[in-house]
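Just so you know, the protein sequences line up as chains A and B, in that order. Going letter by letter, the first sequence gives residues 1 to 287 in my numbering. Going letter by letter, the second sequence gives residues 1001 to 1270 in my numbering.
For the record, the hints were derived by calculation from the structure and aren't laboratory data. Where is the CB? At the ideal position from N, CA and C, for every residue including glycine. Among these hints, one or two may not hold up.
Taking lysine-lysine and the BS3-like style, the derived pairs with C-alpha atoms no more than 27 angstroms apart in a straight line are [what the hints assert, rightly or not]:
| hint | chain 1 | residue 1 | chain 2 | residue 2 |
| --- | --- | --- | --- | --- |
| 1 | A | Lys59 | B | Lys1180 |
| 2 | A | Lys111 | B | Lys1180 |
| 3 | B | Lys1198 | A | Lys77 |
| 4 | A | Lys164 | B | Lys1180 |
Which chain B residues stay away from chain A? Per the calculated CB distances, all over 12 angstroms, these [unchecked claim]:
| hint | residue |
| --- | --- |
| 5 | Phe1011 |
| 6 | Pro1062 |
| 7 | Leu1079 |
| 8 | Ser1092 |
| 9 | Leu1096 |
| 10 | Phe1113 |
| 11 | Thr1129 |
| 12 | Leu1162 |
| 13 | Thr1238 |
| 14 | Phe1266 |
| 15 | Asn1267 |
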Amino acid sequence: MAILEVQNLTHTYGGNTPFINDAVSNVSFTVEQGEIIGIIGHTGSGKSTLVQHLNGLLKPTDGKIFIEQKNIWDNPKEIRLVRSAVGLVFQYPEYQLFEETVYDDIAFGPKNMGLEGEELDTRVREICKIIGVRDEYLTKSPFDLSGGEKRRVAIAGVMAMNPKIIVFDEPTAGLDPRGREDIIGIIEQYRKATGATVIIISHSMEDMAQITDKLLVLSRGELVMFDKTENVFKNGEKLREIGLNVPIVTRVFNKLKELGVDVPQDVFTVERAVEVLKNLKEGDSNA
Amino acid sequence: MLKDITFGQYFETRSPIHKADPRVKMVLLILAVVFIFLSQNILSLTLSFLFVMGVALASKVPLKMYFKNLKAILPIIILTTVINMFYGSKESAVLLSLWKLTITYDGLYRAFFMSLRIVLLIVVSSSLTYTTTPNDLTDAIESLLSPLKFIGLKNAVHTLALMMTIALRFIPTLVEEAQKIMNAQKARGADLESGNLKERIKALIPILIPLLISSVRRAYELAEAMECRCYNGGEGKTRMKQLKVSAVDFYLCGFTAVFCTGIILFNIFF
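Given the sequences, and given the hints that come with them, work out the whole structure.
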């Protein structure tokens, strides 16, 4: 069953001015329950604008958005309900922390949804368990944490609202490799625990290859491709045309093939590369 | 919504007044304001009116823009008019008498006089802000205050100007930041649009605290960046854009001088 359906979405900035600019034009796609979708595209291709429509922060200039078959703008007064159904984690979410303790900050979202007392407490502790925020952190000030920890807490704040769909806008931007792995890990753990649908914007093709089921490729506000991740990465030519690329391992394997080594061309993650190379080595020694 | 906030009112047209030196414009504005207030009779007020209209037309800024500014202070104009109406000289003929209040012809004349003066003041001041960028204004203030360095305030003048420049420079940045934080908190279910006054003020906390923290962070970063570029106060600093007095400024000065002389003459002889 489609949990999210976007129909002919168009968003124009600067409506009545000479600076009319289609940030997103005529984009349609459908997301099934439980899928992990990646959105890739060049800077300014409309990725952030697109995702801000999904929870009703932006109102489409044209087109419709359905969450569980229900048009989200049917009742504009209830748009806040949509915001708890579709969680949106912005870029650098650590800049939105404001409460005195980590606990209160994580509780802000669920509280806004009307949870209180025991229910609220359970919700906060549950999410902390899922993504590994330790109990002793809960009483600390969020401003005393390190950058990576702050981001983890900020993400927990959105996850605590228990959204059916959770959207991440460049969740790993500005983190070191360890921090990136941590965040990707959190997203996977959360999905495993709740079965939520996940949408991720990222510039890292490696991260995308690792966790997404499908990729949505945007260029200048238009949808260029929407297909299974491996099918998109097999289409390296098209990606390069719009200024994107395939993961680095894939580039290595493409080059190897060019040099005359017989290797498969569907290698998108390091894990798979190791496996393929091992097989190749064993094959060689057998021969 | 937040995006629509603009600071300063600079309106780009290629008029001679835009090209004039901001220092000259500033000094002439002060002169013009003084002389508009000195206009005592109908003749000098007419002259003031013509002068202000002349400046406004020469700026090539649509008159609509000036009306927009007038609309903003309409309550003040109305209040001044109403109050002045009741303060006419007692000897003048009575136009209308209500309870203890009387409106005389003299009062009406005064009210008209006063409100026209205010209108002229607003228009002539707007002509400065419409034709001069905020940064040019800051430079002009720094340059005009520079004589203060002779009484040991050299650094103070430069620091003040720098603070104004930085403040102006960061307004759009902070607006953008505020918008981002608002969106982030809205995405977490924050309700910024409904509730009573107390609830609305409380709803601002999740926005103000992150905004304050990020401003302090930006301030540190800027200070460090300036130190890395060997910034050490105003001493020996040169400018890429030098302020220069040109022919336009002489015309402007001449025009204003004629106006001022006119006011003095009308005030003495009529």
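Right, here's what the structure says about each hint:
Of the pairs offered as hints, the one joining Lys59 of chain A and Lys1180 of chain B holds, with about 16 angstroms between alpha carbons and a cut-off of 27 angstroms not exceeded. Restraint check for Lys111 of chain A and Lys1180 of chain B: the C-alpha separation of about 21 angstroms stays at or below 27 angstroms, so the hint holds. Proximity of Lys1198 of chain B to Lys77 of chain A is assessed by CA-CA distance (about 21 angstroms); at most 27 angstroms being required, the pair is judged to hold. For the suggested pair Lys164 of chain A and Lys1180 of chain B, the alpha carbons sit about 23 angstroms apart, so the restraint of at most 27 angstroms is met.
With a least beta-carbon separation of about 15 angstroms from chain A, Phe1011 of chain B lies farther than 12 angstroms from that chain, consistent with its non-interface assignment. Under the 12 angstroms C-beta cut-off, the non-interface status given to Pro1062 of chain B relative to chain A holds; the minimum distance is some 16 angstroms. With 12 angstroms as the threshold on Cβ separation, the claim that Leu1079 of chain B sits away from chain A holds: the shortest Cβ distance comes to roughly 35 angstroms. The claim that Ser1092 of chain B lies off the interface holds: its Cβ sits roughly 52 angstroms from the closest Cβ of chain A, which is beyond the 12 angstroms cut-off.
No beta-carbon of chain A is positioned within 12 angstroms of the beta-carbon of Leu1096 of chain B; the least distance is around 46 angstroms. Non-interface call for Phe1113 of chain B relative to chain A: holds, since the shortest CB-CB distance, roughly 41 angstroms, exceeds 12 angstroms. The beta carbon of Thr1129 of chain B is kept farther than 12 angstroms from every beta carbon of chain A, the shortest such distance being approximately 22 angstroms. With 12 angstroms as the threshold on Cβ separation, the claim that Leu1162 of chain B sits away from chain A holds: the shortest Cβ distance comes to roughly 27 angstroms.
Distance check on Thr1238 of chain B: its Cβ is at least 36 angstroms (rounded) from any Cβ of chain A, clearing the 12 angstroms threshold; non-interface status holds. Its beta-carbon lying about 46 angstroms from the closest one in chain A, Phe1266 of chain B satisfies the requirement of being farther than 12 angstroms from that chain. A cut-off of 12 angstroms between C-beta atoms confirms that Asn1267 of chain B is not in contact with chain A; the least separation is 48 angstroms.
Comparing the model with each earlier hint shows no violations; every hint is respected.
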